[in-house]
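Novice: Two chains, two frames, a set of hints: combine them into the complex.
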Amino acid sequence: MRTGRRLKSLQARLLAPLLGLLTVVWLGAAVMIWFDTSHELDELLDGHLAQAAALLVMQQTHAHEEDSVEDAPSLHKYAPKVVFQVFHEGRLVLSSANAGTVPISRKEQGFSTVRLTDDAQWRVFATRGAEHDVQVYVGEQTESRDSILLAVLQGVLLPLVIALPLLALVGWWAVRQGLAPLRHLSRVLAQRRPQAMEPLVVPDLSTEMVPVVQALNGLFERIEQMLVSERRFTADAAHELRTPIAAIRAQAQVALGAGHDAAQRDHALQFTLAGCDRATHLVEQLLTLARLEAAPASAADAVARVDLSALARRVAADLAPTALARGQTLQLEAPTACRVAGDEALIGVLVRNLVDNALRYSPNQAQVWVSVAMESGQAVLRVQDSGAGMTEPEMARLGERFYRVLGSDQPGSGLGWSIVKRIATVFGAQVQVSRSERLGGLAVTVRWPR
Amino acid sequence: MKILLAEDDSMLGDGLRAGLRQLGFQVDWVRDGVAAERELACGDYAAAVLDLGLPLKDGIDVLQAVRASKITTPVLVLTARDAVPDRIRGLDLGADDYVVKPVDLHELGARLRSLVRRAHGQMQDVLRCGAVLLEPSARRVSLNDEPVALSTREFDLLHVLMLNADRVLSREQLEQQLYSWGYEVESNAIEVHIHHLRRKLQPDLIQTVRGIGYTVQRGSAPASAST
Numbered sequence: 001m002r003t004g005r006r007l008k009s010l011q012a013r014l015l016a017p018l019l020g021l022l023t024v025v026w027l028g029a030a031v032m033i034w035f036d037t038s039h040e041l042d043e044l045l046d047g048h049l050a051q052a053a054a055l056l057v058m059q060q061t062h063a064h065e066e067d068s069v070e071d072a073p074s075l076h077k078y079a080p081k082v083v084f085q086v087f088h089e090g091r092l093v094l095s096s097a098n099a100g101t102v103p104i105s106r107k108e109q110g111f112s113t114v115r116l117t118d119d120a121q122w123r124v125f126a127t128r129g130a131e132h133d134v135q136v137y138v139g140e141q142t143e144s145r146d147s148i149l150l151a152v153l154q155g156v157l158l159p160l161v162i163a164l165p166l167l168a169l170v171g172w173w174a175v176r177q178g179l180a181p182l183r184h185l186s187r188v189l190a191q192r193r194p195q196a197m198e199p200l201v202v203p204d205l206s207t208e209m210v211p212v213v214q215a216l217n218g219l220f221e222r223i224e225q226m227l228v229s230e231r232r233f234t235a236d237a238a239h240e241l242r243t244p245i246a247a248i249r250a251q252a253q254v255a256l257g258a259g260h261d262a263a264q265r266d267h268a269l270q271f272t273l274a275g276c277d278r279a280t281h282l283v284e285q286l287l288t289l290a291r292l293e294a295a296p297a298s299a300a301d302a303v304a305r306v307d308l309s310a311l312a313r314r315v316a317a318d319l320a321p322t323a324l325a326r327g328q329t330l331q332l333e334a335p336t337a338c339r340v341a342g343d344e345a346l347i348g349v350l351v352r353n354l355v356d357n358a359l360r361y362s363p364n365q366a367q368v369w370v371s372v373a374m375e376s377g378q379a380v381l382r383v384q385d386s387g388a389g390m391t392e393p394e395m396a397r398l399g400e401r402f403y404r405v406l407g408s409d410q411p412g413s414g415l416g417w418s419i420v421k422r423i424a425t426v427f428g429a430q431v432q433v434s435r436s437e438r439l440g441g442l443a444v445t446v447r448w449p450r
Numbered sequence: 001m002k003i004l005l006a007e008d009d010s011m012l013g014d015g016l017r018a019g020l021r022q023l024g025f026q027v028d029w030v031r032d033g034v035a036a037e038r039e040l041a042c043g044d045y046a047a048a049v050l051d052l053g054l055p056l057k058d059g060i061d062v063l064q065a066v067r068a069s070k071i072t073t074p075v076l077v078l079t080a081r082d083a084v085p086d087r088i089r090g091l092d093l094g095a096d097d098y099v100v101k102p103v104d105l106h107e108l109g110a111r112l113r114s115l116v117r118r119a120h121g122q123m124q125d126v127l128r129c130g131a132v133l134l135e136p137s138a139r140r141v142s143l144n145d146e147p148v149a150l151s152t153r154e155f156d157l158l159h160v161l162m163l164n165a166d167r168v169l170s171r172e173q174l175e176q177q178l179y180s181w182g183y184e185v186e187s188n189a190i191e192v193h194i195h196h197l198r199r200k201l202q203p204d205l206i207q208t209v210r211g212i213g214y215t216v217q218r219g220s221a222p223a224s225a226s227t
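Sequence lines, in order, name chains A and B.
Going by our numbering, the first sequence opens with residue 1, and the numbers climb by one from there.
Going by our numbering, the second sequence opens with residue 1, and the numbers climb by one from there.
The following block holds chain B by itself, in its conformation from the complex (with noise of 0.2 angstroms):
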């Protein structure tokens, strides 16, 4: 899951970003108001942690052009901001979640996979497609109740393309939502995890649609075991 991180004190941002990609997290970081809002505009986050005191921008000047202009990424307002008129203000806004500094990194981590997983109207933690099962807080996916070992790579490429079941994914849009800046992306990088995916798990797990992209049928793949 890439998330958009926008906090404007190097110490902090440094520790939530380390932090988060602890957690399995892929992070980009921007430092100011108007990165944020051009970021939020044209990358494909699954979630957003916005600082509100940002220069050249406040956050609440970001999250209302955000909102303004139909972006419907989640944000975790994340400020010292702690009265109450602050976190109506920012919740009214478009905010769908608001932390108040300092926060616990795994809370943090949580409250991200939570925003992600209400995103496409999901209510549980756990992401099944007939017998696979996927748990993003423990990063764990298990084949008919057996678990199975991925790669990173291959966790976030399933993550993404179960969040998104029944919906067809592009290469590009992929790629997108997996690497953070500064990575190479190999051109057939995304075909090599499917590939490997297919093999660990199921063959018909993941449909290609040509010319198109990728994508998970719900319930589509047999459950050869118990629901």
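If we strip away everything but chain A, and leave its shape as in the complex, we get (with noise of 0.2 angstroms):
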């Protein structure tokens, strides 16, 4: 946490390339600085060399006595950094107190760069006068050339020193001033309440705080949605758990009062059973979508095929009783296998919940006609029936936890619509509800991808 603070903290973001770069560019200019000054001052005091070279040269041609040596008086601090020899038809007849007897420089002609006896490094210009009698060198150590040169930089360099931590600490503050919403916007989230889910409003927004706030809204917005939806959830299951709880309550005191009549009795302990299976099924029901819910990703990793015939065969065996003691016709069509992607217990609960509701919202000596085909290359269930159907408004609803078409007896939990399409959703198959052309009851299509 401490180490990852100051790569996480904006303002060292900020800041570090910011001062990275003024270091940089401030730098590139001394190096070049460097360059363009010492060029120049080569060119500059080369030429000089050069100029008392000649100067020497004339004066020698002019009046040289001979037979003597003459040391020139040092007259200046610089002049141990300069030497000079003059030679006259190759006797050394003028030089300064510096310079050997020996030439400082090998080159007769020109520039040189040579090492003399005191270590030094010294910038040589060698020339001749006209009737090549007269030789003459001229060096001056290239220390000094350097300590121009240094001087030259410690004038770019130093301010950069002093700058940089004066930048460091103002661009911080600015920095720190521009962060200063963010902080603000923080302390207003952390002063939220948990269960505050109205849109926050934060006045004198930047611009690009605009955004966040937006998304951070849309969060809320989507939040409460969920609340409210697993509010209405928990409501909607007490009432459809407590209802057949009440029918087997108010039964099973009917079955206690009725005293001497044998009719009445049975019939509320009739009621009491049916009641009880009721209840059971709503309970398999919602535990069903309690653990779809849990882990819907799980279920769709693995990826195990299934021959929705052979499932569909097997639920309509299970479920043809219930049909028959209903004097209901169960068909079923499914003559090859079809293999789809899916679990085979989900995709078993998926067909089961739909030829249930076909069977148990459609009358007594109705028709379910229930279908396996293959589709242009989709596996495509069919389940249809010959019962009363489905307004639009109706189909619209149907999926939604709970919902059941008002007015149908038929003790049915409501649930079976969300388990289907939750399952359908995670196997990536589609549903479709519409009327159905062959019994003119409802007709549900299951279609998986290909």
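Hints are computed from structural coordinates only; laboratory data are not their basis.
You may find that some hints are simply not true.
[What the hints assert, rightly or not] Selected chain A positions facing chain B (Cβ under 7 angstroms, derived; list incomplete):
1. 245
2. 249
3. 254
4. 271
[As the list claims (entries may be wrong)] Quick list of simulated restraints, FRET-style, between CB atoms:
5. A:392 - B:122: 51 to 59 angstroms
6. A:225 - B:135: 37 to 45 angstroms
7. A:193 - B:82: 23 to 31 angstroms
8. A:392 - B:69: 43 to 51 angstroms
9. A:230 - B:71: 54 to 62 angstroms
10. B:88 - A:194: 20 to 28 angstroms
11. A:230 - B:88: 20 to 28 angstroms
12. A:225 - B:57: 22 to 30 angstroms
13. A:322 - B:82: 31 to 39 angstroms
14. B:82 - A:273: 21 to 29 angstroms
15. A:395 - B:135: 53 to 61 angstroms
16. A:395 - B:187: 49 to 57 angstroms
17. A:223 - B:88: 24 to 32 angstroms
Just so we're clear, the structure is a prediction, and the values are computed from it rather than from any experiment.
For each residue, glycine too, the CB sits at the ideal point set by N, CA and C.
Specialist: Written out as structure tokens, the structure reads:
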């Protein structure tokens, strides 16, 4: 946390590149100044060397006394850094005090850089007189050039050294000021109650913060919707669970209070049992839905191939007794194996819910037709019935948890559709509800992706 | 006492109807909101048990419409919606009682009796007219502290008359309050029951107002023994 903090701090992120860039640019400028100055300095001083050499040649040509070596007096503090020798017909006639008797450069003409006995580097210009009897060397210690360069560079770099911390300080302050709205927002957020779902209102919002606040408000809205739907689910679940329990209780009490009326007692007890079955069914459906909503991804990951036809046959066989008891005809048409991607148990729940719904909400003697087929490469499951069907608005509301077509007297949970839709979503299948062309009631079509 | 039961769940509705009948109520059962509103508007019910999640018209809407048209029949809301805001809304919209499912039948009966009693401005369970004492919860009638055996219809008739003491009720009103649907009411049934009541209790307990109906006067019947 502490090590990552520097990297994660916006302030550091803004300041570090800014100051880094400033340093690089400044240093680049210093390098350029170094090269430029040293070049110009070399040209200038080389020129001076050449001029001095020329003067010495002239002087020697006009007046030279034989057999005497003169040491010119050193008059300036820079004098030890300057050296010259004048040879006349190979003999040293004039030289500076610090010059030896040997020519300081092997080159007789032009510039050269040499190391003399004092172990310092010297820039030497050599030239000859017109008649080649005079040889002049003028040298200058390169160190003096370097010290001039250094002085120039110091002038450039010193302000940088002073300015950098100052800039860092001002930059830190400016960035801090700039980030103040962010801190304000975080304070506002920190003080917010966890249940608060109203949109954030931050006065004087800076342009850059607007999308953040908008995104946050969008998030709050979505969370609120989720909470509302969860709350409604709880209320609906309570309603759906309480009603059968209330029925069981009332019927049981009626049975207790029936006295000698055996017919009434039997009737009430039968209803008590039916109420228990209904509550059991509801609880099972709720559990299925809860499991589906808890672990949807894991189910989709394990993509096994399931034979839809075999599954439909099994479900039809399971539900056939219920259908027979009500005089309903349950027909299955699944001629070929039809493999779809999905979990066998879950697809089984889907098929079972569809067929169960069709039987449950169709009257006695009704027909229910289940078919499995391949249509243009897609596996298609169809469940049709000859029941009353549904109106458009009713179809639209299907799949809302606990939504049951009102007035239907069948003890359904209203959860079957939620379960079907959920499972279909997990495996990427599409569910369609329409009017059955063949039987006139409801037709449900589930299409698996290729 | 005739009660309107509005409940869409067939299993629960059947149980409540049977249970309330066992407790001596007459019960008319409707399964949707529109029917509930219609029946409350024209039927003469002592009270109504109203489920909120009704088809066609939500119970809350029924309640609102009924109260808007000045129908004062006591309404007991019986629902699975137990959230406090739901309860507050139900009571504010004119429900007289709010009971969350599941409910004990005896408690439901007691609450209904209490609603009816309060609707008639009575504070106690027992009704008294002179020497005649009627206890609705126990379905017991006594004359001078001596129990008197009455048939169900006779008891109900006396109950209605005593609840509406000092008011004249027509034969039609009495029939409406006494019989639930499906009963063929014989034209002279009320007269017969009145006759029996006069014979079993006191001849002058129930007075006939010619051309209008019957009435019981509070305290009119002479008390021959203690209060």
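Novice: Indicate, hint by hint, whether the structure satisfies it.
Specialist: Now for the hints, and whether the structure bears them out:
1. 245: Holds - the Cβ of residue 245 of chain A comes within 7 angstroms of chain B, reaching about 5 angstroms at its closest.
2. 249: Since chain B brings a Cβ to about 4 angstroms from residue 249 of chain A, closer than 7 angstroms, the hint holds.
3. 254: It holds, given that the least Cβ distance between residue 254 of chain A and chain B is near 4 angstroms, below 7 angstroms.
4. 271: The hint holds - residue 271 of chain A has a Cβ within 7 angstroms of chain B, the shortest such distance being about 5 angstroms.
5. A:392 - B:122: 51 to 59 angstroms: holds (52 angstroms)
6. A:225 - B:135: 37 to 45 angstroms: Taking Cβ atoms as reference, residue 225 of chain A and residue 135 of chain B lie about 55 angstroms apart, which means the hint is violated.
7. A:193 - B:82: 23 to 31 angstroms: Given range 23 to 31 angstroms: holds, Cβ gap about 25 angstroms.
8. A:392 - B:69: 43 to 51 angstroms: violated (33 angstroms)
9. A:230 - B:71: 54 to 62 angstroms: violated (38 angstroms)
10. B:88 - A:194: 20 to 28 angstroms: holds (25 angstroms)
11. A:230 - B:88: 20 to 28 angstroms: holds (22 angstroms)
12. A:225 - B:57: 22 to 30 angstroms: holds (27 angstroms)
13. A:322 - B:82: 31 to 39 angstroms: holds (34 angstroms)
14. B:82 - A:273: 21 to 29 angstroms: Since the Cβ atoms of residue 82 of chain B and residue 273 of chain A sit about 26 angstroms apart, the hinted range of 21 to 29 angstroms holds.
15. A:395 - B:135: 53 to 61 angstroms: At 55 angstroms between Cβs, range holds.
16. A:395 - B:187: 49 to 57 angstroms: holds (52 angstroms)
17. A:223 - B:88: 24 to 32 angstroms: With a Cβ separation near 26 angstroms, residue 223 of chain A and residue 88 of chain B satisfy 24 to 32 angstroms, so the hint holds.
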